[in-house]
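Chains as they are written, first to last, in the working numbering: chain A, 1 to 347; chain B, 1 to 347.
Treat the hints as calculated values from the structure; they're not laboratory data. Treat each hint with caution, since some may be false.
Taking beta-carbon pairs under 7 Å as the criterion, some of the chain B residues facing chain A (in silico) [claimed, not checked]: (1) Ser124; (2) Arg126; (3) Arg312.
Even glycine gets a Cβ: it sits at the ideal position worked out from N, Cα and C.
Protein chains: 2
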Amino acid sequence: MNIMFDGERVRAGTEARERFYDSRGYGRPRGGDLELAPVEAAHLLFRGDIEHVPDHQGRALDFGGFLTSTAVSEVSFLVYKELRDRGFYLSPARPADTDGEFAVYPRGQGPWDDEVAYRVRAVSERESVPAGELRALVGRAAADGATGVLAVVDEESEVTYLELTEPAVEGETDHDLPRVAGRLLSDRVLVSDPPTALYERAFYGQQVDPEGLVQLSLVEAASLADRDLLALEDVGDPGAALRERGRAVEGDRFDRRLRTYSTLRGDGVVPKTGFKFGADFRTYADVESVDQLGHSELLVRVVPAGHVFAPRDLALDVRLAHGVRKRMLFGLVGDSIVWLAAERLTP
Amino acid sequence: MNIMFDGERVRAGTEARERFYDSRGYGRPRGGDLELAPVEAAHLLFRGDIEHVPDHQGRALDFGGFLTSTAVSEVSFLVYKELRDRGFYLSPARPADTDGEFAVYPRGQGPWDDEVAYRVRAVSERESVPAGELRALVGRAAADGATGVLAVVDEESEVTYLELTEPAVEGETDHDLPRVAGRLLSDRVLVSDPPTALYERAFYGQQVDPEGLVQLSLVEAASLADRDLLALEDVGDPGAALRERGRAVEGDRFDRRLRTYSTLRGDGVVPKTGFKFGADFRTYADVESVDQLGHSELLVRVVPAGHVFAPRDLALDVRLAHGVRKRMLFGLVGDSIVWLAAERLTP
């Protein structure tokens, strides 16, 4: 077979185009000929469809030769193979600056058609992935009318697919609250004589006993103070005092959490602590009263907009959220707050 | 009632001893009188059993006054109250240098008896907890014949109990392996002609295809090389080459994971990647063959012996492990490896 690796692409003739592209979706036609990406050639070598590919220096590369070369990363290969095994046709995505990224066609379709189902980026579990790159992936996928997917290859070569989206987060919760008075403890606020609306309807705080005291978290208290709904005994500016206390116990994270909390409340969603799930918040989209509380829908982790994700931590969060039937959402806090949702996907 | 707070202890007379100690297990008798820790006095104030306690400066402290003072932390109070609500009698633990720690008596018993069920340390979700302190808690509990428990109070004042133990980890897996040859890729090792024992019996690596290639993770490969069971093409000292590669992709963590991996293998336990669970390893105690593989029993996270735990991360790990019916184990790697298990407890 007329085939050669020029160091960047594998170039092959008409016979290869007919065998590999026309019937099985490998490569791109160039006139009557075929151009294969190294990862595609590696897969044909792995399957035994080609035995070896001579390179421009006259060496004959076999499958192992391709994989140990720098032309194709094992991580890209493993994701390519896994998606092929699942019955998909896929092509390395253009432009070339998004290495390790694939356009995956809907099942039964291929590069001859116009539709793309998933834009998949392959990463090793050890790679760090900045939030900005995940958002860019979602954007490139949307431009194709496709879903953005991060495919993480673990150290034992298994692939986990995480579907990424930027959903809107909105709810219907809306209650009028009277102004309340509290006392600042070291890590929370004690409201001795709470109005019923505070806890039982608007779901601020927790009852310490069923008839009286309500404790507010610092973030709940600061959000109420910012809306001028909370006074603190012996404190002139409760919002400032609560921020100061919050920063003392949590640092900058307190400001990010407060902005996220207040944004969610402002959009009709009730955030409560996500501590038991290792998250910042769990959320309820529509709270009429605490007696009729439904299942919380989201787990929210608050991170700076420039956060760099470790795939292992992402996998842990998504796995846990799935196990408790909630959706995992990252609040990327910069000039504004962007919601990035990650869900396990089986393509 | 004859009662007074001297700044450290609340001292009360015979009537208080009869009412609070003899029948309800508050405080310690001192002659015919009673000595209460501030947290115990705060609980009596909270319940309305006492209305206020005069201090040595002549001020009358109510419940809120105690809680906003430095005499009792709200975190200690919340744990004390929660355990009382569950029907336990408990006392602040001695010695005094373990503040926020309680001796909890078996249900139906009290400070009059000799038995302690749990030694409970109360912490805020925001406190950092060094591994050494958790080990010390387990040790103090063991000295009482009790179970060590970390009680984490979240920002909304709910309490999560984590039972801590230092279990032995042993298994029955034992296979003879022939020496195998592989090729080092960037992030794993490819074994082109693996003996059946390698994957199918001893469960090293993953099959890339059902009949041929096996891929080993770097940690599996390094462990085999250290036992002189792996040769690498064109590499004189495969153990050193794999360590170097491992450190390049993971830093010091690679050495800790390798020591943990080899220790578990040496004790008859098979570690495989815990990536899907956000852990370092999941483990199988008794592997006869991969065809008859059971459920993996443990999730292992490897940390340095001096690791400082964030309660939120602990809660996340324990919650996830529980959800997938495994036990969460931390490998504390120092001069030796100590196993610290954490499990959700409902006292």
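Quick rundown of the hints versus the structure:
| no. | hint | result |
| --- | --- | --- |
| 1 | Ser124 | holds, 6 Å |
| 2 | Arg126 | holds, 5 Å |
| 3 | Arg312 | holds, 6 Å |
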